[in-house]
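Asker: Chain by chain, the residues:
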Amino acid sequence: AQKVTQAQTEISVVEKEDVTLDCVYETRDTTYYLFWYKQPPSGELVFLIRRNSFDEQNEISGRYSWNFQKSTSSFNFTITASQVVDSAVYFCALNGGFKTIFGAGTRLFVKA
Amino acid sequence: SQTIHQWPATLVQPVGSPLSLECTVEGTSNPNLYWYRQAAGRGLQLLFYSVGIGQISSEVPQNLSASRPQDRQFILSSKKLLLSDSGFYLCAWSRGPSGELFFGEGSRLTVL
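As you go down the protein sequences, you meet chains D and F in turn.
To convert, note that position 22 of the first sequence is 22 in my numbering; the numbers rise steadily by one, no gaps.
To convert, note that position 67 of the second sequence is 67 in my numbering; the numbers rise steadily by one, no gaps.
Calculated from the structure, these hints are not laboratory results.
A virtual CB, placed ideally from N, CA and C, is assigned to each residue, including glycine.
Just to be clear, a hint being listed does not mean it is correct.
[Claimed, not checked] So the derived list for chain D, only partly shown, Cβ under 8 angstroms to chain F, looks like this:
| no. | residue |
| --- | --- |
| 1 | GLU44 |
| 2 | PHE47 |
| 3 | ASN76 |
| 4 | GLY97 |
| 5 | THR100 |
| 6 | ILE101 |
[Stated by the list, open to error] The calculated lysine-lysine pairs, modelled on BS3-like cross-linking and capped at a C-alpha distance of 30 angstroms, are:
| no. | chain 1 | residue 1 | chain 2 | residue 2 |
| --- | --- | --- | --- | --- |
| 7 | D | LYS3 | D | LYS38 |
| 8 | D | LYS70 | D | LYS111 |
| 9 | D | LYS99 | F | LYS79 |
| 10 | D | LYS16 | D | LYS99 |
| 11 | D | LYS70 | D | LYS38 |
| 12 | D | LYS99 | F | LYS80 |
[Said to hold, decoys possible] Chain F regions said to be covered by chain D (calculated; three or more residues, Cβ under 8 angstroms):
| no. | region |
| --- | --- |
| 13 | 47-58 |
| 14 | 80-86 |
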């Protein structure tokens, strides 16, 4: 069975701090895909990144970076120099076929 | 460009009443379509997905049903709502079975 665990329910930081959101996954598939989505207060989920299981290169996009480690089944997300606009719920997700399953989400509060 | 819309955005329904949520995708053909539900403060639960017209896969046995009468239309229904059906319902589409999901604005359902 597939599973995504986001152990951090809520994180609160002060603006300009760096913050890492943890994601651990379980799957028996050899080919799978990992995702991160952002859900701002408006409610609509926004796609951030997609990685396949054969590409363990870390990725950086502006203040966002992702660390994929198959050895520990983790796909962590770091926001550098956080801003108030980063306040949202962040979901990690896993797809091994037709279905994408989501973790419970981590609510991030960034205080000014 | 592709867009996805779902409606209504908000509805309040009495227990035992019927439900119909609609979702349409524009700008693409033969998308994979999905219905997710998000209970208050929780993660996303996959309810149904469809890879083509008339093809519906159910993930959670319950009093909800889904239909895909046209290529880019996905409908979530219930004949009799339960209190436990309250939640935030999200429609999504993807280009393929493992692609990133693009979400609609969401429909917030309150059953009283």
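Asker: Indicate, hint by hint, whether the structure satisfies it.
Answerer: Consistency of the hints with the structure:
no.: 1; hint: GLU44; result: 5 angstroms, holds
no.: 2; hint: PHE47; result: 5 angstroms, holds
no.: 3; hint: ASN76; result: 18 angstroms, violated
no.: 4; hint: GLY97; result: 6 angstroms, holds
no.: 5; hint: THR100; result: 6 angstroms, holds
no.: 6; hint: ILE101; result: 7 angstroms, holds
no.: 7; hint: D/LYS3 x D/LYS38; result: 19 angstroms, holds
no.: 8; hint: D/LYS70 x D/LYS111; result: 33 angstroms, violated
no.: 9; hint: D/LYS99 x F/LYS79; result: 26 angstroms, holds
no.: 10; hint: D/LYS16 x D/LYS99; result: 36 angstroms, violated
no.: 11; hint: D/LYS70 x D/LYS38; result: 23 angstroms, holds
no.: 12; hint: D/LYS99 x F/LYS80; result: 27 angstroms, holds
no.: 13; hint: 47-58; result: holds (count 3)
no.: 14; hint: 80-86; result: violated (count 0)
Against the hints set out earlier in the document, violations occur for numbers 3, 8, 10, 14.
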